[in-house]
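J.: Each chain is listed here by its residues.
Number of protein chains: 2
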Amino acid sequence: MKPTHIEHIGIAVNNLKEAISFYEKSFGLECYAIEEVADQKVRTAFFMVGQTKIELLESTDPEGPIGKFLDKKGQGIHHIAFAVKGLAEALTTLDASGVTVIDKTPRKGAEGLNIGFLHPKATFGVLTELCEDPSK
Amino acid sequence: MKPTHIEHIGIAVNNLKEAISFYEKSFGLECYAIEEVADQKVRTAFFMVGQTKIELLESTDPEGPIGKFLDKKGQGIHHIAFAVKGLAEALTTLDASGVTVIDKTPRKGAEGLNIGFLHPKATFGVLTELCEDPSK
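So the sequences go chain by chain: A and B.
Numbering-wise (my numbering), the first sequence opens with residue 109 and increments by one.
Numbering-wise (my numbering), the second sequence opens with residue 109 and increments by one.
In case anyone wonders, no lab produced these hints; they're calculated from the structure.
Treat the hints with caution; some may be incorrect.
Pairs involving identical chains hold if they fit within one copy or between any two copies, as the list cannot separate such chains.
[What the hints assert, rightly or not] Straight-line distance between alpha carbons at most 30 angstroms, and here's what the computed DSBU-like set of lysine-lysine pairs gives:
id : residue 1 : residue 2
1  : Lys-149   : Lys-125
2  : Lys-133   : Lys-212
3  : Lys-133   : Lys-244
4  : Lys-229   : Lys-216
5  : Lys-216   : Lys-149
6  : Lys-212   : Lys-110
7  : Lys-133   : Lys-110
8  : Lys-110   : Lys-180
9  : Lys-229   : Lys-212
10 : Lys-229   : Lys-180
11 : Lys-181   : Lys-229
12 : Lys-125   : Lys-212
13 : Lys-229   : Lys-133
14 : Lys-176   : Lys-244
Just need the whole structure built from these sequences, with the hints factored in.
T.: Structure, rendered in structure tokens:
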């Protein structure tokens, strides 16, 4: 596995509308999509910065992963995602080499990507996502 | 201001050597530079992932910013840096618009870049750096 680029940076925010306004007005970025991911209990807003998306994450349920994160740690960076090719094989190889993976096989994430998470205890405190665009 | 790309993602780690080994062996990335930034009391290791650097940060002094971060929050993402053009003007404009900036004027950072930090309270909990390569 060798990641090709940083696919996105996920940032947990209390209020999606306020955060969108900040990135638009202060940074001159354009929010090109808002998407609700029901099974992750989040509403997301996307901005493109070069190769990388800023993915703002607002919780839709205090018991969801972002709701719990916000309650425990407050607003801030939730995870980073590396774009890879051969996601399924990468997860298998990492798992077999002793890296603690949350997802042993790919699952569907936002924007139709296939994704898998590594456990932050294996990645120096960084919740790390690997993702692959099945259309490419 | 409109950022062109994510210049780097700064990750605070307890042990630079172990973290370098992980990103090299598990992710197939190459550490292309190790640099000590004396006034920031850190030793940094750099990896290129597309347009973006992963910047691992090991503290050289418990009283430095990374030492304090590690003590308070543990390992994890410390900051993200957006590449911009016109850094000095961007900091002035943000400051004038009410965004709390840590650096009102640019200063020198790692790798010869000019940098300025925004306060995380202004940026939804994300310690945010803006940087500009003076050679470009």
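J.: In ascending order, which of the hints set out earlier in this document are inconsistent with the structure?
T.: Hints 8 and 14 are the ones this structure does not satisfy, whereas the remaining hints hold.
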